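Chemist: Spelled out, the chains give:
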Amino acid sequence: MQSYVSLTLSNISIERGERDLCKGLSVVAQFGRLYQIVGENGAGKSSLLKVIAGLLRPVEGEIFLDDKVIGAAMNQWPQDCLYLGHQYGVKRLLTVEENIRCYCPNASRENIHSALAQLDLLPYQNTPVKQLSAGQAKRVALSRLWLSDQAIWLLDEPFSSLDVKGRALLESKLEQQLKRGGLVILTTHQALLRIDAQSIELTL
Amino acid sequence: MTYVSFLRAECHLVWRRKQNMVNSVLFFLLVVVLFPLGIDATPMFLSKAASGIIWCAAALAILTSVESLFKEDYHDGSLEQWLVSGLSVPILVLIKMALHWLFIALPLLLLSPVLSEVLYLPDNSFWPLFMSLMLATPSLFLLGGIGSAVTVSLRQGGVLMLLIVLPLYLPIIIFATSVTKAAQVGLPYDAPLAILGAIFFVSLVVSPLMTAISIKASVN
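Residue numbers (full-length UniProt numbering), protein chains in the order written: chain A, 1 to 204; chain B, 1 to 220.
It should be emphasised that the hints constitute simulated quantities derived from the structure, not laboratory data. Please note that a few of the clues may not be correct.
To be verified - Label-pair ranges, simulated between beta-carbon atoms: (1) 3/B / 69/A: 26 to 32 angstroms; (2) 33/B / 59/A: 42 to 48 angstroms; (3) 19/A / 26/B: 45 to 51 angstroms.
Unchecked claim - In silico DSS-like links for lysine-lysine, alpha-carbon gap of 25 angstroms or less: (4) 216/B / 71/B; (5) 23/A / 216/B; (6) 130/A / 71/B.
Quick caveat, the model's predicted, so the values are computed rather than measured. Heads up, the beta-carbon is just placed ideally off N, CA and C, and yes, glycines get one too.
Looking at chain B on its own, in the form it has when it is part of the complex:
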């Protein structure tokens, strides 16, 4: 196995499982549509709540898809093969996460302009929202990957995974929504964006290493 052949096989795999992508997009859309129906569909309310709704929906969609990131690899013995391949497991993990981000989070990003129109998001807040999604959804994947790897060998690991990962998601969601909140009242929003960037870089370094350690522990 080489990094290139691994990447090629993973590309084939995500393509064969395109229904996962459709599922997460549908889930995202449903949450966004149900929110106004359930609370208040007036432009007054929605324009204030839009960024929060889009962010919660995106975080939930990513959380549900990241949960099973390594499940199949664990059950068919691929994780063992990663470990004995002599390749660096953190890099394999990073390749896999990057690919899944492209397939799951990118469609959500592409939908966000439409949804922000639907939810009456003020025009001046769209770019801040888009940038916060762009910077922070990779962190959601990277941090979710750790939880997914820790619980991969457990039969009912889903809830435990949520408990492990949600505290890590909270600061990301808080800073991401404060970006658009600041933009809506005309304040500078560089600081929360910079913090999101910092979280991304920290998780880019830490998460593959932690995930690799968890995979090693799960395989035994």
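Extracted from the complex, chain A is given alone in its bound form:
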């Protein structure tokens, strides 16, 4: 994993349709910390994550990784960034293992095995995802956190449809990512139990 110091959002303004979301937002996000984007429904939490991931071009403003400008058309950036959106790209017709192999082709058999064991997915390794529950499908998507080593994680509602055990598991994984110097930016409506989150406030 490459190490960085900070990700800076400078004067970001986002527009969706006719509405302005987060006008002139500036945040310096330090690596090794977790940032929670908070705001009401429709305040632009997911849009802000998409802007950081490079999926959406902001109307105004720039994003810096350390002191390098990264825009919506970046090349180096995606290798260091793992984005899981509201729909997280898990194929319902593929089995759990085929899904994981598509996104993490370099993961070894043992690593996949241990990640699946931690996520309680081992019995379902060769089951098509469409036969799993919503929470289990979410776990399949989240297994990428166990198997890849990006420095920046952008997670949109990662806790939705997870049970209590799953939440605890994910929180401990997020803690590990912070300990090894990674950056986590996420949106969630629930309070994190174990991690001290910095919040990025969005108002309508």
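Please build the complex by placing chain B on the supplied structure of chain A, with the hints as guidance.
Modeler: Chain B only, in chain A's frame:
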């Protein structure tokens, strides 16, 4: 994600959805069979109309299957993952289209000898017909992909997609049928074939780029 792992996952996916292949083949067969029943089943008429019938049926079968090329990827969030994967989206698009061409258009090509016998196509026109199908069905896929990507985020995008794509299909169908028309009266048919080849190469270059741009716009 790498190109190889993407290709492998897509292969698994088209294999799990083999009923799509069966559907388009059945559709193709039905159109070809219904035409003579509806108009005139005499060898006199059919031998003249055969290449046109086969071509229309193939174009319609491809059009109906290409419409939903990116639908599922859009709804399950895979398109977003393509964009953040750091891989070149035009190449991913090209891989996907090539794979679908293999699974949908190749069965139609393999059926064409049987159908041209059924429709009394003169022997000297079969190879021109086969070559025109071979050269032009990839263009149908490539151009259809653009329409499919443009309308992927719309709920009722099917009709709009047809409106966008059909004008692009017209020259292909015109030149493809003129290949066999020329062959039937014993004229050289190299020129329309060459134009079909040119259309294929242009769409091979343009379509993945346009499709990638449309995907980017649709995801937002």
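Chemist: Confirm or reject each hint.
Modeler: Tested hints:
Look at residue 3/B against residue 69/A: about 28 angstroms separates their beta carbons, and that is inside 26 to 32 angstroms. A hinted range of 42 to 48 angstroms is violated for the C-beta pair residue 33/B and residue 59/A, which are about 56 angstroms apart. Checked against the hint of 45 to 51 angstroms, the pair residue 19/A and residue 26/B passes, with Cβ atoms roughly 47 angstroms apart. For the hint linking residue 216/B to residue 71/B, the alpha-carbon distance of about 14 angstroms falls within 25 angstroms, and the restraint holds.
Distance hint between residue 23/A and residue 216/B is fulfilled; the C-alpha atoms sit about 23 angstroms from each other, no more than 25 angstroms. A distance of roughly 17 angstroms separates the Cα atoms of residue 130/A and residue 71/B; the hinted pair therefore holds under the 25 angstroms criterion.
The structure is inconsistent with hint 2 alone, although it conforms to all the rest.
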